[in-house]
Amino acid sequence: MAFNILVADDSETMRTVIKKTVEMSGVPIGEFHEAANGKEALAILESNWIDVILSDINMPEMGGMELLKAVSANEDLNRIPLIFITTESSDARMDEAKKLGVAGYVKKPFQPEIIKSILYDVLEKAYEHRMVDMPADENDDDDMDF
Amino acid sequence: MDESLRQVIFETFSDVFEKMFFTFLEPLSAVPASEQVGDAGKFILAEISYSGGNNGNFCFYFPWELAKNITINFLGVEDEDVKLSQIADTAAETANMAIGSLLGKLDPKGQSSLAIPKARELVDFAPVSLSADAETCMFNTEFGILYVKGRHE
Numbered sequence: 001m002a003f004n005i006l007v008a009d010d011s012e013t014m015r016t017v018i019k020k021t022v023e024m025s026g027v028p029i030g031e032f033h034e035a036a037n038g039k040e041a042l043a044i045l046e047s048n049w050i051d052v053i054l055s056d057i058n059m060p061e062m063g064g065m066e067l068l069k070a071v072s073a074n075e076d077l078n079r080i081p082l083i084f085i086t087t088e089s090s091d092a093r094m095d096e097a098k099k100l101g102v103a104g105y106v107k108k109p110f111q112p113e114i115i116k117s118i119l120y121d122v123l124e125k126a127y128e129h130r131m132v133d134m135p136a137d138e139n140d141d142d143d144m145d146f
Numbered sequence: 147m148d149e150s151l152r153q154v155i156f157e158t159f160s161d162v163f164e165k166m167f168f169t170f171l172e173p174l175s176a177v178p179a180s181e182q183v184g185d186a187g188k189f190i191l192a193e194i195s196y197s198g199g200n201n202g203n204f205c206f207y208f209p210w211e212l213a214k215n216i217t218i219n220f221l222g223v224e225d226e227d228v229k230l231s232q233i234a235d236t237a238a239e240t241a242n243m244a245i246g247s248l249l250g251k252l253d254p255k256g257q258s259s260l261a262i263p264k265a266r267e268l269v270d271f272a273p274v275s276l277s278a279d280a281e282t283c284m285f286n287t288e289f290g291i292l293y294v295k296g297r298h299e
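These protein sequence lines map, in sequence, to chains A and B.
The first sequence begins at 1 in this note's numbering and counts up one residue at a time.
The second sequence begins at 147 in this note's numbering and counts up one residue at a time.
No false leads were slipped in.
With a Cα cut of at most 27 Å, we get these calculated DSSO-like pairs of lysine-lysine:
#1 Lys69(A) - Lys99(A)
#2 Lys20(A) - Lys264(B)
#3 Lys264(B) - Lys39(A)
In case anyone wonders, no lab produced these hints; they're calculated from the structure.
All values derive from a computational prediction rather than experimental measurement.
Excised from the complex, chain B in its bound form (with noise of 0.2 Å):
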């Protein structure tokens, strides 16, 4: 993935993390030392891809605390009455707005159609072949790091 490309795509998912989920994201350019990416551990793994004009799919992998906080943040629900089918519609729409937003620059002229996101849990996930590969973009947040990885052509 080019530098421009990432660095458009962490301008356009800054905004809408912070307009709707009150998160904010720093760009990680490696996992910081501290991170145990070769731990398994619960995640949110949210799909969407696109075609027409510009042809592409990226998948979000959200850690767990993260998915759970921007769906209590944006349903404005308690901690214990969360369930995992809104932390995964949750996951779908940001995707969907991500991504959405994301092309409403890389194809101004609308010549792509998004198709329906999908999410699932991941039980035992370990990102370590993500947090290594050229596709992946990474951002630290205050629940964790969110793993992006994606092709636009």
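The following block holds chain A by itself, in its conformation from the complex (with noise of 0.2 Å):
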């Protein structure tokens, strides 16, 4: 019932961040992978079982937006729900997100909570059937100070 995730941002220091938030979180983690841009993103799933990807927008070579949609347009990883985590927060560029099939956004700064939060949604809505095994204490854990 663990969740393989991928994490997609050029700063070093977002993905240990983020992958301690998700640790904090509760989710129970199988494996976690990290790119430093979309197109390593893509390597990675290719070659890995992913359940839940958490990228940035604004990576060199390729950016989020170009990740999303390599992998909506691929039959084998579609069915992968992707979270952005960015700074990009405008309006214009939510909607294009939306249509592409985003399942999450994450605006930085951002609370550990908010992170919690989206992801415990965006895991119920994919695999609801493996979110039902997960400890109800993990799932209450509100506390998620650094």
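Put the two chains together into one complex; each comes in its own frame, and the hints tell you how they fit.
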């Protein structure tokens, strides 16, 4: 019942903070993969089973929007929910992301509780049968101090 | 830089620094007499620009101790374990979040695109020219003065 998670962000610092936040959220983690851009993320997706993608938008080589387009267009990958964690917060950009099928959106700077809440929502929608097995105390844990 | 832009910058940056790094910013209109701005010291410079609907660029000059403490708070690492690469990366991400949030207010239609932020160490840097520059915003922090020089068009 653990989830394999892929984080795509060109900032190693941000990947570390997101990983720590997800670990503290109580979501059971299987494998945790990291990519510095969309291109690296696609390479990981080609050879690993991933349950959810947390991605920045503004990345070198291949940005998050291009990654979302590639995932949505791929029959083997479009089952994977993608959540943007980004400073790019304009309505126009978010409308574009919604049209492409983004599953969730977290604006930087963020509170850990926001990531936890959106991650749970997205995982529940995508994998309801697996979330039922999660211990109740993990679902109810709201304390996420760094 | 006009006063209304300075106010938006202060409100936006304060939100980012408090939320992400537990660091409080106090806007300064002049350098306090106790500060030796002519003395060279170690700084981290983080730069970010944007283009499209609006054009602009901002340079963040973090005193070394401020950059280090932000990194320690953000990553939850010990003082003796923190690396220069982590400090530079955190400074770049700080600039990204601060200017991304600022653009959300200045360019709500999202016509501007942020470039990738860059950061580097300045070994012997004296902020004396910055403190007198009309395009510089200064913020007092527990770990020294943060200088932010920028333009928004």
